[in-house]
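Please put together the full structure from these sequences, using the hints given.
Numbered according to UniProt numbering, the sequence shown spans residues 1 to 290.
Since the hints were made in silico from the structure, they are not lab data.
Keep in mind the model is a prediction, meaning the values are calculated, not measured.
You can take every hint at face value.
In silico DSS-like cross-links for lysine-lysine, where the CA-CA straight-line distance does not exceed 25 Å:
# : residue 1 : residue 2
1 : Lys-287   : Lys-220
2 : Lys-238   : Lys-282
3 : Lys-220   : Lys-200
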Amino acid sequence: MIGLGTMGGAIARHIAEAGHELTIYNRTPERARKWRDANPGLAHRIAANPAHAAQDADVVITCVGNDDDLADVVLGPNGVFRMLKRGGTFIDHTTVSARIARQISVEARDLKIHCVDAPMTGSQIGAEKGTLTLMCGGRDDALEAARPIMESYSSRIVHVGKAGSGQIAKMANQICIAGNVAALAEAVRFAQASHLDMDKVYEAISGGAAQSWQMDNRWKTMDAGEFDFGLAIDWMRKDLGLSLEEGRGLGVSLPVAALVDQFFSDIQAQGGGRLDTSAIIKRLPQKGKS
1 MIGLGTMGGA IARHIAEAGH ELTIYNRTPE RARKWRDANP GLAHRIAANP AHAAQDADVV
61 ITCVGNDDDL ADVVLGPNGV FRMLKRGGTF IDHTTVSARI ARQISVEARD LKIHCVDAPM
121 TGSQIGAEKG TLTLMCGGRD DALEAARPIM ESYSSRIVHV GKAGSGQIAK MANQICIAGN
181 VAALAEAVRF AQASHLDMDK VYEAISGGAA QSWQMDNRWK TMDAGEFDFG LAIDWMRKDL
241 GLSLEEGRGL GVSLPVAALV DQFFSDIQAQ GGGRLDTSAI IKRLPQKGKS
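This is the structure in structure tokens:
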């Protein structure tokens with residue numbers, strides 16, 4: 001397992017608890033040591049670099065930051081593909097461009113490695129519970145090779161199509177989230193300004209057509225002004241940037257996504273880039289409060 005952030009660290013625990021012999025690597029060595037100390041006995045070893053992590057491995061999983069990070073840990077001088085054996089399986093859970101996913105798939109094909117791009121949704125809660133949804137791109141045989149281990153930390157695995165397709169599906173997912181959370185923020189401020197019982201408003205509207213994951217999981221925390229959890233705005237802006245770039249290439253207009261991206265930019269400018277995306281509500285003043 002390469003990448004032990006919020007999502008990768010939880011995935012690693014599920015893999016080890018499912019009985020697999022786990023090697024871990026993180027580009028910041030201290031994070032790998034902290035993970036090992038917090039999860040005694042689960043890591044067989046800490047690797048010195050990605051190639052060392054891939055040595056003798058049947059499966060290598062990555063969950064890093066962006067295109068450049070992924071290219072470095074997979075294709076770099078000390079990358080996974082330097083050591084992963086023929087017939088091995090490579091699974092990437094990073095949200096990156098479809099372009100880099102396709103490039104890695106071509107390299108994997110030439111090396112006779114099974115390769116799946118499998119960005120995920122389900123949030124930190126889903127990672128901790130092992131109930132993630134994975135959107136997968138790659139060949140049929142690659143997905144079947146990856147499925148047994150992915151089942152240890154996910155409840156839904158969907159094969160969307162060829163290499164890069166998982167990333168396109170994740171972009172569509174992020175476009176939906178962006179519009180949804182922005183509208184939810186306005187609804188919360190609207191109900192607050194009307195001096196209604198917020199629990200009653202939620203009860204009334206969450207059972208109908210307005211219901212969403214964002215409403216179920218963020219209505220109360222938005223109302224309380226709590227944002228220190230979940231998907232950071234910095235990461236959402238990275239994801240929306242990928243979506244907008246892909247949209248330009250496809251000749252598709254994404255006006256709502258572009259607008260909400262600017263709303264997130266406002267929160268970044270206030271120093272809130274590491275807050276959950278629901279902090280978008282902070283750009284809307286609450287009536288009667290400064």
